[in-house]
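> Each chain is listed here by its residues.
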Amino acid sequence: MIIEIRTKEKYAANEERGFIGRMAHAGLKVRAARLSRLYRVDAGFSRAEFGRLGADLLTDRITETYSLSRPRPGIRGWRVEVWLKDSATDVVGESVRGAVADVLGKEPQAVRFGHAYYVACGSRAALRRAVEKTLVNGIINKFAIEKI
Amino acid sequence: MNDLLLKFNTLSKNQLRRLDRACGWSLNADELAEAQRQFRRMGRAPARGELETIAQTWSEHCKHKTFSGPVTFRDGGKVKKYKNLFKETIVRATKTLNKKWCLSVFTDNAGIVEFGHSGKWGLAFKAETHNHPCAVEPYGGAETGVGGVIRDILGVGLGAKPVLNTDTFCFGRLDSKQKLPKNAHSPERIMRGVVEGVRDYGNRIGIPTAAGGIYFDEGYLLNPLVYVGCAGLIPVDKIHKEVKPGDLIVSIGGRTGRDGIHGATFSSANIDEDVSASAVQIGHAVNEKKALDALMRARDLGLYNAVTDCGAGGFSSAIGELGSETGARVRLEKALLKDTRIEPWEIWVSESQERMILSVPKAKLKRLAAILDAENCEYCVLGDFPGDGRLRVTWEGESVVDLPMAFLHGGVPNFEKEARRRAVRISSKPPAARSLSYGELLRRTLAHPNVCSRHSVITQYDHEVQGGTVGKPLQGRYGDGPGDAAVIWPHAATLDQSDFCGFAVSHGFNPALGRVDPYQMALHSVDEAVRNLLCAGADVSRTAILDNFCAASPRDPRVMGDLVLAAEGCHDAALTYGAPFISGKDSFYNQSRDADGKEYPIPISLLISATAPVADVRRSLTINFKEPGDPVYLAGDSLRGLGGSVYNELSPSGNNAVAALDMKGAVKLYAALSRAMAAGCVRAAHDVSQGGLAVTLAEMAFSGGYGASLDLRAAARERGLTPTELLFGESPARLVLEVAKGREGDFLRLVRGLPVAGLGCVKEEPVLAVRDGGTELFTEDLAGLKASWRKELI
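Protein sequences, first through last, are from chains E and U.
If you're matching positions, the first sequence starts at 99 in the working numbering and goes up one per residue.
If you're matching positions, the second sequence starts at 32 in the working numbering and goes up one per residue.
Calculated directly from the structure, the hints in this document are not laboratory data.
Errors might be hidden in some of the hints.
DMTMM-like cross-link-like pairs, simulated, lysine to aspartate or glutamate; straight-line CA separation at most 20 Å [what the hints assert, rightly or not]:
id, chain 1, residue 1, chain 2, residue 2
1, U, Lys-369, E, Asp-140
2, U, Lys-321, E, Asp-140
3, U, Lys-822, E, Glu-113
4, U, Lys-210, E, Glu-230
5, U, Lys-321, U, Asp-248
Residues from chain E that face chain U, not an exhaustive set, calculated with beta carbons under 10 Å [to be verified]:
id, residue
6, Ala-111
7, Asn-112
8, Ile-118
9, Arg-120
10, Ile-173
11, Arg-177
12, Glu-179
13, His-213
14, Asn-235
15, Ile-237
Beta carbons are placed, not taken as given, at the ideal position from N, Cα and C, and that holds for glycine.
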């Protein structure tokens with residue numbers, strides 16, 4: 099299960115502006131963007147239990163929302179998902195794994211931490227080049243781009 | 032490869048070289064031949080683990096072969112020979128000074144000096160570099176750099192409690208137009224990753240990051256430099272450590288995985304496109320915090336006899352170091368692993384982070400285990416220190432390493448390096464006519480990447496955690512002016528809130544000078560670091576310093592020549608300033624090729640980190656103007672020479688001479704100013720450094736929100752100095768002081784006979800007006816100056 103956390107739209111302007119600036123530095127003009135944090139929790143929990151993790155553990159309820167399914171950010175363009183390679187130690191994932199055990203009383207097999215970027219921009223190829231320049235390091239990251 | 036290993040003793044030089052490359056050891060031909068000779072003498076082929084151990088123990092990172100080796104230096108017709116460059120310069124200065132307040136120097140993971148009035152505490156201080164890992168993976172490299180230097184402080188004596196992190200970075204220009212090789216990261220990308228790594232590790236572990244700097248130069252385009260430092264407090268009676276035969280080898284903290292294999296040997300190689308992913312290390316601040324908390328409790332209860340950190344080389348280095356006299360018996364199957372798909376030799380040399388090795392008496396293991404369990408800190412007993420002087424490492428009964436310690440630590444062959452003074456053409460002519468007004472030049476200088484505000488980086492760091500950061504990185508009326516030094520009140524470690532004794536930490540760094548004159552660069556760097564301490568109100572007569580040299584390939588005699596001159600400068604400056612070196616580190620092979628095959632060697636880069644006590648942190652000083660009507664003074668002589676200056680970069684002057692530092696004059700001046708500060712005569716002080724006097728005045732003014740009306744007519748200056756050189760020259764040993772209005776007489780009495788000149792006074796009106804006798808130089812609105820300076824770096 100992937101739990102996706104997003105900043106509520108009314109608080110997201112700063113992080114979106116920062117991201118757009120960063121992509122501009124990498125040579126890509128981005129019209130609009132939304133950002134998410136992703137937690138892949140490998141466990142046989144019920145949907146209610148995953149919901150509890152999203153609501154009580156991983157989300158700041160005042161400024162953020164969570165989703166157990168892919169959200170619709172209202173952007174037409176691309177979704178970029180970035181993860182650490184499985185061979186790279188995921189420190190955030192490890193910490194969250196411990197926290198999940200504290201909240202639910204049972205430990206998941208693994209938790210991995212990643213990011214999703216919803217990007218309104220030109221071509222996939224241009225986006226890919228910018229992502230490789232600024233968001234991922236091929237030595238430790240893997241990523242995927244899909245049309246939304 | 033296994034075939035080659037089995038035939039190791041009969042391999043030719045070429046085959047040895049191929050094997051070395053395939054295994055990533057970075058051993059040279061002499062070292063490979065020496066290892067081969069030793070195994071021939073033993074009458075057996077080496078195991079992979081043994082060669083890995085040798086490669087690690089003999090690496091540049093661990094043995095510092097370049098700096099500690101013999102060097103022949105040629106300067107025109109003159110030849111000077113060094114048997115051990117490091118000992119004959121840096122260490123010699125410390126030995127000559129022989130300061131009683133130096134409690135431990137050059138023997139442990141960090142240097143230690145006395146702290147406070149009680150005689151109970153020592154201050155441990157260390158700075159490291161993590162350059163190569165940051166070039167490959169900036170975030171992970173920076174994180175593990177911070178984690179590593181914190182563990183140096185945890186591993187000094189029986190463990191010091193960290194109270195301050197420092198960071199100084201060098202990157203390529205963010206606006207660089209150079210075409211990069213396929214796998215190289217842009218400077219912007221490297222900077223963002225490094226800053227985030229330092230931020231995340233320091234903030235998560237709960238240590239303030241409160242001192243440092245950022246320097247941009249095209250020389251660092253492919254080889255960023257990441258200097259990380261840490262200071263901690265240690266009880267004086269916990270400085271001595273000694274492994275006792277029979278003690279158990281206990282590893283605490285993180286688990287062992289395949290991450291970071293060959294980090295130590297990686298430091299001895301030029302970076303190319305084929306850097307292995309396994310050289311990347313990933314940090315885990317929370318694990319290190321657990322180890323820190325457990326260690327401090329166990330230390331105070333006397334539950335172990337010695338401790339050291341697992342740094343480059345992992346178990347091999349840490350256990351080898353602790354057991355260098357007693358020997359060690361290690362059973363690798365006892366290690367806690369992240370991943371079971373790992374070879375025994377990999378467990379031995381893995382550089383997985385957050386691990387500390389303790390030497391624990393058997394009778395105390397149970398009590399230690401109880402503390403580790405309570406802190407949720409994992410541990411394992413790996414073996415013992417038997418006392419026979421031999422290193423035996425096994426995995427499930429099979430031998431992985433069986434070598435005498437004497438060979439490992441004393442067997443590395445020394446080979447002489449050639450050094451030559453670099454030919455640099457010096458022009459001392461007056462600066463070419465300027466095309467811009469002084470006001471416009473000042474605004475452009477303030478906006479220069481090496482001068483402008485670092486707030487977009489600094490504000491990402493938690494510099495307040497532990498509640499003891501008195502002198503902050505951002506200072507002044509609005510909390511956004513550039514501080515000269517961090518002042519720390521370490522009550523979180525001493526637990527004494529009635530003693531206001533603290534310490535200041537500052538830096539001196541100017542590689543642009545090194546391109547012209549490495550000797551003067553070293554002098555200027557020491558002077559700048561001491562002057563920054565003085566500006567914070569520290570007692571500079573008790574300054575202790577660290578040297579961190581970074582250079583390109585030492586195979587180039589000119590690079591070695593730069594190193595020799597800078598090391599000689601360090602020696603001379605330390606002696607004159609009475610400031611002993613207490614620790615240091617060096618990093619070589621910071622050199623790469625760009626996409627067009629052009630070599631990018633870094634310039635010789637010397638970071639001087641300095642610390643000195645602050646008798647009462649409540650009386651420490653900041654840089655901003657405080658009170659309209661207060662007189663403003665310039666201390667020090669302004670000298671000719673625009674070499675290495677920001678001005679020269681913005682407006683090439685044709686003058687590249689570097690002003691020679693009068694060290695004796697500076698020491699006399701600082702002693703008098705220190706007395707004036709202690710007497711309460713000085714309200715603000717700020718050093719004149721990058722950007723020159725005009726920048727210093729502007730920063731003091733806009734940080735305080737007060738203007739000033741100043742006339743430089745009385746400023747002590749070298750004959751023939753032009754107004755341009757006076758405003759934008761970066762000659763050393765100068766600082767600007769705001770003196771308390773009612774104490775001017777006392778101040779002048781204390782500085783009588785010294786080059787200290789009144790310039791004018793602080794004004795309520797937010798305008799900085801500067802003239803030189805009858806010539807008006809500039810009149811600038813503070814808001815405009817600040818706007819130029821306050822750039823967002825990232």
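> Against this structure, judge whether each hint is valid.
Going through the hints against the structure:
For the given pair, Lys-369(U) sits about 18 Å from Asp-140(E) by alpha-carbon distance, which is consistent with the 20 Å threshold. A distance of roughly 26 Å separates the Cα atoms of Lys-321(U) and Asp-140(E); the hinted pair therefore is violated under the 20 Å criterion. Distance restraint check for Lys-822(U) and Glu-113(E): the Cα-Cα separation of roughly 19 Å lies within the 20 Å cut-off, and the hinted pair is therefore satisfied. Note on Lys-210(U) and Glu-230(E): the hinted pairing holds, with a Cα-Cα distance of about 16 Å set against a maximum of 20 Å.
A C-alpha spacing of about 39 Å is found between Lys-321(U) and Asp-248(U), which places the hinted pair above 20 Å, so the restraint is violated. Below 10 Å, beta-carbon pairs count as interface contacts, and Ala-111(E) has none with chain U, the closest being about 16 Å; its hint is therefore violated. Among the interface hints, the one on Asn-112(E) is violated; its C-beta lies about 13 Å from the nearest C-beta in chain U, farther than the 10 Å criterion. Of the supplied interface hints, the one on Ile-118(E) is violated, with its beta-carbon coming no nearer than about 14 Å to a beta-carbon of chain U, more than 10 Å.
Look at Arg-120(E): its Cβ gets to within about 8 Å of chain U, closer than 10 Å, so that hint holds up. A cut of 10 Å between beta carbons decides the hint on Ile-173(E): the least distance to chain U is about 24 Å, and the hint is violated. Interface hint status for Arg-177(E): violated, as the beta-carbon distance to the closest one in chain U is roughly 22 Å, over 10 Å. At a threshold of 10 Å, the smallest CB-CB gap from Glu-179(E) to chain U is about 18 Å, leaving the interface hint violated.
The interface hint given for His-213(E) is violated, since its Cβ lies 13 Å from the closest Cβ of chain U, which is over the 10 Å cut-off. A least Cβ separation of about 6 Å between Asn-235(E) and chain U falls short of the 10 Å threshold, and the interface hint therefore holds. Taking 10 Å as the C-beta cut-off, the interface hint given for Ile-237(E) holds, the closest approach to chain U being about 5 Å.
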